[in-house]
Amino acid sequence: MTLTRDNISDRLAAAGYIADRDIATALWLMEFLKRPLLLEGEAGVGKTEVAKALATVHDAELIRLQCYEGLDQNAALYEWNYQRQLLAIKTREGAGENADAIEEHIFSERYLLERPLLAAIRRVRPPVLLIDEVDRADEEFEAFLLELLSDFQVSIPELGTIKATAIPRVVLTSNGTRELSDALRRRCLYHYVDFPEVDREAKIILTRTPGIDTALALQIARMVAAVRKEDLRKVPGVAETLDWAATLAGLGVHELRQEPEAVYETMICLLKTHEDRAQLTREVSDRLLGKVA
Amino acid sequence: MTPTAITDPSEYVGAPMRQKLAGFARTLRDNGFKVGLAETRDALALFATPTATRASALKPALRALFCATHSDWERFDEIFDAFWLRRGMRQALTAVGAPTTGRPRGQRGAEAPQGESGLPDRVERHNDADVDAAGDGRGRREGASRSENLAATDMRHIVDPADIARTHALAARLARVMRARLVRREQIRRRGRRIDLRGTIHRNVSHGGTLLDLAWRRRKAKPLRLVLLLDASGSMELYTAFFVRFLHGVVDCFREAEAFVFHTRLAHVSASLRDRNVARAVDRLSLMAQGIGGGTRIGESLATFNRWHARRVINSRTAVMIVSDGYDTGEPDRLVAEMRRLRRRCRRIIWLNPLIGWRDYRPQARGMRAALPYVDLFAPAHNLASLAALEPYLARI
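Chains A and B supply the protein sequences, listed in that same order.
Residue numbering for the first sequence follows the working numbering, beginning at 1 and increasing consecutively.
Residue numbering for the second sequence follows the working numbering, beginning at 1001 and increasing consecutively.
Check each hint, because a few of them may be wrong.
Distance condition first, Cα-Cα at most 25 Å in a straight line; then the derived DSS-like pairs of lysine-lysine [said to hold, decoys possible]: (1) A/Lys234 - A/Lys272; (2) A/Lys291 - A/Lys234; (3) A/Lys291 - A/Lys229; (4) A/Lys34 - B/Lys1059; (5) B/Lys1034 - A/Lys34; (6) A/Lys203 - A/Lys52.
Just so you know, these hints were derived from the structure itself, not from any lab.
Work out the full structure: start from the sequences and follow the hints.
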């Protein structure tokens, strides 16, 4: 069954992800062309959330591979359970089995440790495979990933080739700490995730913070948008906005302008470095408040 | 007819539409997009679906398909509007599913968009270097600016061929010592951090599985990365040509090097320097280095660097080399703040100042004095010998 773009929008909304139309189109296109989707954007704009929402839309399992420097095949694809293998060798040698039988036994699937990539291609129902922060992994790993994404099969020397039972839906995210190769970019559809505009952020606050009133959510979204325009080292993301909204709601604030003190003090939810904190003084906070509230 | 049109989905898409799409792909390619046959084929498949008849869905869909970087993403709307909307989106779309519509405008083929007067074939002006630089994410924001490269200066004649060769050889040698040292040191220090079970078992097959030799794991050594920031302002005029050569040598020899040129603004020039043809690369760069007369804004250039490039080009193994005389027309406070920020991010800051070679030189320039506390090595760089003297220092980083 193929979903139309509107189906996808509706289901994203049902999954609690407030999408703009462009991302719905990209997700539809991903389905239509069977290509992976590469999401780029500042930290904290909700790239990972897209994959989670996609899993909900298709009612599929989400398999996540977090990339880091030095990530290799053994951590991403498969690994033999060496400890168990060694034990098995000892016990079976003791029982007097011959070497071939032992070898046959210890290189069977029982001793294979499934890592995210192998897991993703062995599922019966196509899962959503989230390859998070792919820019953190080394170039070598990227090349390996390319191979996997084109063939969806893996060869394990001791066991043979494993072909994908179902092609997973692949979402890659990148923060731009390293330039990705053209080859990888070419294989993927591309979507740049920006900070949500005020209305959409207000909607996100409303869905994620139970019991907050609409006017306050809108004020918070406006205030955060203004803070983002300041020259900060670490621009607050959507998660920070939600923390702040929850804090303000918890303090019983109903109207930002009436409680500038509380606004200033709780702004630690948004500002995560000393430098930014020092830059956003009480005066700046009040000025922004005057503009937005 | 372009080969892109000969595909399966083309059976459902009319000839005029195919040609328009090929023209669009070509326009994108002219603007530095990396659009291949696969993308065009997918776009044709897309045109065969009902979604394509809705303009609201077509643009985001094509954007997701054709863009590969953030700078592509930012320019796409402009190019899309210029290509499709000015020529009439609705008319173009009526061609879907009607292969026999032989409207004359469609017959003009893929060449039409370029040939027609008044229709820009490139939405944004580019020289070659700019197109290359577009791949680096933020290329658009501070690339070589339109007004500042009106005239070309020929820097080839300032340095004679023998010097060029020597500069290049020197840069290559510096690159080699830095890389070799680093790798060796890493190996010795990391040796035997963890036992590698996979390797150990494999190695001991010949001993019948008894573990005699242990295989160790150590972290892979990565080469040092060098980021060069070259001041190309008026006061540096005498030296710019020389350092442009040096820049080229470094980018050419280091696996990981990035080069920037600044005067009143900062331009990322690695892409244009990665050209085996030295003369052509230097020519391109001399275009970018134009803009003399506006003074030097080191602080602001560094701010641009810190904000847009640092995250991508700097890691903990990065040495930043600034080549400047320190005559800053901007605010010293700004420079101090940015130097402090840069200091925190990178491994070493080396400041090369051609003026140190002059007799009785003291770092009196305001900018120079402000920046000095954050600099690890402050060294002269007025001739080849002074650059060669850097070698022992670079080898120790």
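These are the hints, each one checked on the structure:
Between A/Lys234 and A/Lys272 the CA atoms are separated by roughly 7 Å; this keeps the pair inside 25 Å, and the hint holds. Between A/Lys291 and A/Lys234 the CA atoms are separated by roughly 22 Å; this keeps the pair inside 25 Å, and the hint holds. Annotation: proposed proximity of A/Lys291 to A/Lys229 holds, straight-line Cα distance about 13 Å (limit 25 Å). A threshold of 25 Å between alpha carbons decides the hint, and for A/Lys34 with B/Lys1059 the separation of about 19 Å falls inside it, so the pair holds.
Between B/Lys1034 and A/Lys34 the alpha-carbon distance is near 20 Å, which keeps this suggested pair within the 25 Å criterion. Only pairs whose Cα atoms come within 25 Å are accepted, and A/Lys203 paired with A/Lys52 is accepted, the gap being roughly 18 Å.
Comparing the model with each numbered hint stated earlier shows that all of them hold.
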